[in-house]
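Undergrad: Chain by chain, the residues:
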Amino acid sequence: MCLAVPGRVIGIREERQTLMATVDFDGIRKSVCLAYLPEVECGDYVIVHVGFAISQVDEASALETLAMFKELGILEENLGVDGRPAAVAGPA
Amino acid sequence: MKYLDEFRDPALAQRLFDEIARITTRHWAIMEVCGGQTHAIIRNGIDQLLPDDVELIHGPGCPVCVTPLGMIDKALAVAARPEVIFCSFGDMLRVPGSHKDLFAVRSEGGDVRVVYSPLDAVDLAEAHPDREVVFFAIGFETTAPANAMAVYQARQRGIRNFSVLVSHVLVPPAIEAIVSSPSNRVDGFLAAGHVCSIMGTWQYPPLVEAHHVPIVITGFEPLDVLEGIRRVVLQLEAGTAELDNAYARVVSEQGNVPAQQMLADVFEVCDRRWRGIGEIPASGWRLSGRYRDFDAEVRFDVGAVDAPESAQCRSGEVLQGLIKPTECAAFGRECSPRHPLGATMVSSEGACAAYYQYRRLDRAVGDPVPVELGSA
Ligand code: SF4
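So the protein lines, in turn, are chains Z and V. If you count the first sequence from 1, position 52 lands on 52 in the numbering used here, and the numbers rise without skipping. If you count the second sequence from 1, position 103 lands on 195 in the numbering used here, and the numbers rise without skipping.
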């Protein structure tokens, strides 16, 4: 659960008085809280941990990290896609 | 050199390995604090490609692994209540309590749900006003701002049927406890990059000075980890002890200020038990007085739970770097990710699970491990 995944901000909105973003992780889109990085703009890359953007990162290293996660097959797992719990099942 | 081609830039990785070998003149033990780094190290065989004199010790930086047994038992007690929807990050479900885990509670009829973000749990509470939604708020400084926001939002939105079971832990007091221990073998530390992206680097210089121990803030890519190791070895060989930031593309000195402000509002520092290590003073966060009414321990009065660990499990020694997982007699036998005896086998970031997953089954010759690996 410690993993943080970089993604690209593609939309920003206010939701219940909280700044939220849509972030694209190599094709997987998720709603992400931007409250801790309010200065971020569309097109920027951010590092996301449990649904929160925690810091900005440059495009080159974001893409490199994404490619590695994808190769390892841990991207969807760590984004909780399909409600799949992160890494519960071990290596099976 | 079968691992080298698995680096994204094998040539650069080779250069870093060569450089580390060139500058190393004696034995050094370096601890990576963060479970994400442990994972990267074992997956890429970094520990096996390093010179013999550079030993990596896997630290206590997996929040799932160090959540104390008593707290897991409390979670199980709360989750079993009929009015409760219990929400947790996925990796907590299989963590063994004294008698069972959250999966077992779920199969016995408990409403246990996995959430991606703690805000999902707040939404659930709003959608189910007739139920009590409890979120298991664990993690290091990286995760705490998200959990703090969930509590803050619940208050802002007037959601009264939401509460949190808090078991937050902090990295600097853990480093302090490890270097101060009489059995300490660690010469230098790789500090966890994402923890520092929240907290900044300002917490570490006092530790570096008080214990004359180099600390290098390090990222999670295999090449980041190698660069962090190189910088620690450089300092150790030169006899210096400084704070160095090898992850400056993400980590600044002041850290994430809005997150720190939220943390200061919602949480306060407390003593905390670490599974396998014991109590470390001022090493955790609990809800501050202003938010105490969101504390599930108060709301559900689960009492104090004092639970003994499995006698076979040596995860405490693993977490302190005193033994490697393969030195535990239960490793790969009684204990595997499907039947974990200790928390370090449960989480994919735990040292035992990382060794297991990447087939580090190098036990004594003639002592084969019964293999139940499902993947090819
Ligand atoms: S292998 Fe299992 S029993 Fe042994 S220390 Fe690790 S978690 Fe505990």
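Source of the hints: derived by calculation from the structure; they are not laboratory data. Since the structure is predicted, the reported quantities are computational estimates derived from the model, not experimental observations. Using N, Cα and C, we set each Cβ at its ideal position, and we do this for glycine too. Warning: the hint list may mix true and false statements.
List time: in silico SDA-like cross-link candidates among lysine to any residue, alpha-carbon distance up to 25 angstroms [to be verified]:
#1 V/K416 with V/R135
#2 Z/K70 with V/R249
#3 Z/K30 with V/V206
#4 V/K416 with V/L216
#5 V/K192 with V/A421
#6 Z/K70 with Z/V57
#7 Z/K70 with V/V206
#8 V/K416 with V/T117
#9 Z/K30 with Z/V40
#10 Z/K30 with V/Q248
#11 Z/K30 with V/H220
#12 Z/K30 with V/P265
#13 V/K416 with V/R277
#14 Z/K30 with Z/E76
#15 V/K416 with V/S190
#16 Z/K30 with V/I251
#17 Z/K30 with Z/C42
#18 Z/K30 with Z/D44
#19 Z/K70 with V/A421
#20 Z/K70 with V/L315
#21 Z/K30 with Z/G11
#22 V/K192 with V/E409
#23 Z/K30 with V/L216
#24 Z/K70 with V/R341
#25 Z/K30 with V/R277
#26 Z/K70 with V/E409
#27 Z/K70 with V/Q449
#28 Z/K30 with V/R249
#29 Z/K70 with V/L104
#30 Z/K70 with V/R100
#31 V/K416 with V/G395
#32 Z/K70 with V/S190
If the Cβ cut is set under 7 angstroms, some of the chain V residues that face chain Z in the computed set are [unchecked claim]:
#33 G128
#34 G292
#35 A340
#36 V342
#37 S402
#38 A403
Undergrad: Evaluate each hint against the coordinates.
TA: Against the structure, the hints come out as follows:
no.	hint	in the structure
1	V/K416 with V/R135	holds, 15 angstroms
2	Z/K70 with V/R249	violated, 37 angstroms
3	Z/K30 with V/V206	holds, 16 angstroms
4	V/K416 with V/L216	violated, 41 angstroms
5	V/K192 with V/A421	holds, 22 angstroms
6	Z/K70 with Z/V57	holds, 18 angstroms
7	Z/K70 with V/V206	holds, 22 angstroms
8	V/K416 with V/T117	holds, 24 angstroms
9	Z/K30 with Z/V40	holds, 16 angstroms
10	Z/K30 with V/Q248	holds, 23 angstroms
11	Z/K30 with V/H220	holds, 23 angstroms
12	Z/K30 with V/P265	violated, 34 angstroms
13	V/K416 with V/R277	holds, 13 angstroms
14	Z/K30 with Z/E76	holds, 11 angstroms
15	V/K416 with V/S190	holds, 24 angstroms
16	Z/K30 with V/I251	holds, 24 angstroms
17	Z/K30 with Z/C42	holds, 14 angstroms
18	Z/K30 with Z/D44	holds, 15 angstroms
19	Z/K70 with V/A421	violated, 35 angstroms
20	Z/K70 with V/L315	holds, 17 angstroms
21	Z/K30 with Z/G11	holds, 11 angstroms
22	V/K192 with V/E409	holds, 23 angstroms
23	Z/K30 with V/L216	holds, 17 angstroms
24	Z/K70 with V/R341	holds, 21 angstroms
25	Z/K30 with V/R277	violated, 43 angstroms
26	Z/K70 with V/E409	violated, 33 angstroms
27	Z/K70 with V/Q449	holds, 18 angstroms
28	Z/K30 with V/R249	holds, 22 angstroms
29	Z/K70 with V/L104	holds, 21 angstroms
30	Z/K70 with V/R100	holds, 13 angstroms
31	V/K416 with V/G395	violated, 35 angstroms
32	Z/K70 with V/S190	violated, 36 angstroms
33	G128	holds, 5 angstroms
34	G292	violated, 11 angstroms
35	A340	violated, 11 angstroms
36	V342	holds, 5 angstroms
37	S402	violated, 18 angstroms
38	A403	violated, 23 angstroms
In summary, the numbered hints that this structure violates are 2, 4, 12, 19, 25, 26, 31, 32, 34, 35, 37 and 38.
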